[in-house]
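Guided by the hints, dock chain B onto chain A, whose structure is given.
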Amino acid sequence: MTLALRFLVIAYLAVLVVWPLWEVTSRTFAPTERNAAGGVAAFLERLQDPSVAYAFSLTGTVAFWAVLINTVFGVGISLLLVRYQFPGRRVLSVLVDLPMSVSPVVVGLALVLAYSSGQGWFGEALEGVGILIIGTTPGLVMATAFVSLPLVVREIVPVLEEVGTDAELAASSLGASGWQTFRRITLPTIKWAVVYGVVLSMARSLGEFGAVKIVSPGAEFRGETATILIQNRYTNYEEPTAYAAAFVLVLASVLALVVVSLLRKPEHESENLQEVSP
Amino acid sequence: MSIEVRGVSKTYGDFVALGDINVSLPTGQLTALLGPSGGGKSTLLRIIAGLESADSGSVEIEGTDATRLPPQKRNVGFVFQHYAVFKHMTVAKNVAFGLEIRTHGGLRPPWAPQRRRDRERIRAKVAELLELVHLSQFAHRLPSQLSGGQRQRLALARALAVEPSVLLLDEPFGALDAKVRKELRDWLRRLHDEVHVTTVFVTHDQEEALEVADEIVVINEGRIEQIGTPDQLYDEPANDFVMGFLGEVTRLGPVRLRPHDIELSPTPGAPGALPGLVTRALRVGFEVRYTVEVDGQAEPALVVVSRTHARALDLDPGARVWLRPLTGATSVAAPEPRLEVASA
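Top line first, the protein sequences correspond to chains A and B.
Position one of the first sequence corresponds to residue 1 (this note's numbering), numbered consecutively onward.
Position one of the second sequence corresponds to residue 1 (this note's numbering), numbered consecutively onward.
Keep in mind the hints are simulated off the structure, nothing from the lab.
Restraint ranges, calculated between C-beta atoms of paired labels, are given here:
#	chain 1	residue 1	chain 2	residue 2	range
1	B	PRO36	A	LEU92	34 to 40 Å
2	B	VAL284	A	LEU92	54 to 60 Å
3	B	PRO36	A	SER253	56 to 62 Å
4	B	GLU52	A	THR2	50 to 56 Å
5	A	LEU92	B	GLU221	35 to 41 Å
6	A	VAL102	B	ARG141	45 to 51 Å
7	B	ALA178	A	LEU92	43 to 49 Å
8	B	PHE15	A	SER253	48 to 54 Å
9	B	TRP187	A	ARG264	38 to 44 Å
10	A	ARG264	B	THR229	53 to 59 Å
Cβ-to-Cβ under 7 Å is the rule here; a few derived chain A residues that face chain B:
#	residue
11	ALA167
12	SER172
13	LEU174
14	ALA176
15	PRO188
Below, computed lysine-lysine pairings styled on DSSO-like, alpha-carbon distance capped at 27 Å:
#	chain 1	residue 1	chain 2	residue 2
16	B	LYS93	B	LYS125
17	B	LYS125	B	LYS73
18	A	LYS191	B	LYS87
19	B	LYS179	B	LYS87
20	A	LYS191	B	LYS93
21	B	LYS73	B	LYS87
Beta carbons are placed, not taken as given, at the ideal position from N, Cα and C, and that holds for glycine.
The shape of chain A in the complex, shown without the other chains (with noise of 0.2 Å):
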């Protein structure tokens, strides 16, 4: 029985996944054309493009700053959800998790209503003080930060619950003003999910595709991103290219969940060294 159903995981991951990646792997290795030279040396080319220089710059820069608003605000919004009592705040959790049930396409499609210069809400009054978003690298920023949001929040939210109050009620107990027993008490205790988080957040930054598409406007050195430029490339009959730029993107995704299992595997043991003593 137990061999059957790892049998039938094993072949659905393959199919799902390992077939597929094997296949973005295998291509971007492979020759171009007949008699054409492959491997490492070509694939190393390719990237050497400066378009794809440029789409890899621009995700790079849309996926920093993307983490960074998102660390800072996640943390933030996450002590106020769990340390404050106050009305709406079961409707601010929930708006909290949208942007992980939403469409990306629909997320990029709402910023556009709201900030484009032409038809957005804000967008004629943001022009007027000469900031365009939509178009532009913050709309790009705005519009990943969006999708990735409760990432951060969500991995925060749960250690918080779990420490209670009592240490950093002690601390001001002490004398700690409110950033002394945040800095000194919270920060520390909620290090490992807060990293955890922002790694998180940086894979799905770095491979967003939805949300950008729409915002961006997407053409060569202008507002392509790496994942923008794996489509256009793809389409448009330029292929190997597309292969590895998409390869690059697997290696940092592999990378990341790297990051992330060696992150948890020191926070098991803390937690164990704890339950041994009585």
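Showing chain B alone in chain A's frame:
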């Protein structure tokens, strides 16, 4: 007076946690807030510490009005039932926390030339405190490597480090097993005799309060039932509740009294003695507990005598006895007299 609580009330929705509490706690004493769970004693302690705010009333600590002060400005040490130690810091770091974060007399920033001297001073103070709570050899361990009793001593040292004007302990031994609890109780009493800081601790264990405290405040259903020394409370309970909470009580005729304050006699004759029938005799260690059906009384009376005395009486279930309160017995009127007094 070190702590003055005036007219403090606190409600949670419909539930009245505290109703118009007035109490003053003298300097240098060890006071117990005693009462059943949910009676409001922890709420009162947390209001004194500033961890919760009162709906009305005022709290004065060492002559300053602390009603509106945040906890970090009240100079109180607070010890939690579940220790609330900082898990990511070593024992020494935990104790040093309050000393390092002070704006004046704390640890100066890394660029300040006096930082090294601050560090030395704090280290000496921490060593002194760890000595006081017998944790010197654990200074570099993490709290997770300590036992429950050790963690609570660590929490105490940490609270004492900031030299608080009052030390507040919320069920400090509640999470510990019986043996450790008894040890720590003795230790707390000795510690208090050493450092003399005004201390208030919350407990629902009457034995703990009677043994450790200089003064006991009995709190029930958000009200103060009685304030007094352990002797006063035990010998002159203000009402039926205090009497019942501080020890075993039984009913004999129109009064309620302690089971060991009843005189048992196998013969009639003593004035005011009530006749009854022994239904059960149970030996528990050095004492014997008799259940006696008193004539004309619905509930049976419980009588406790020493083993030696019981041997002299030689009573078996079914024996006829006469009961009366011992001279000088502590008694209060029974709440609802539902018996006809029959005298022999």
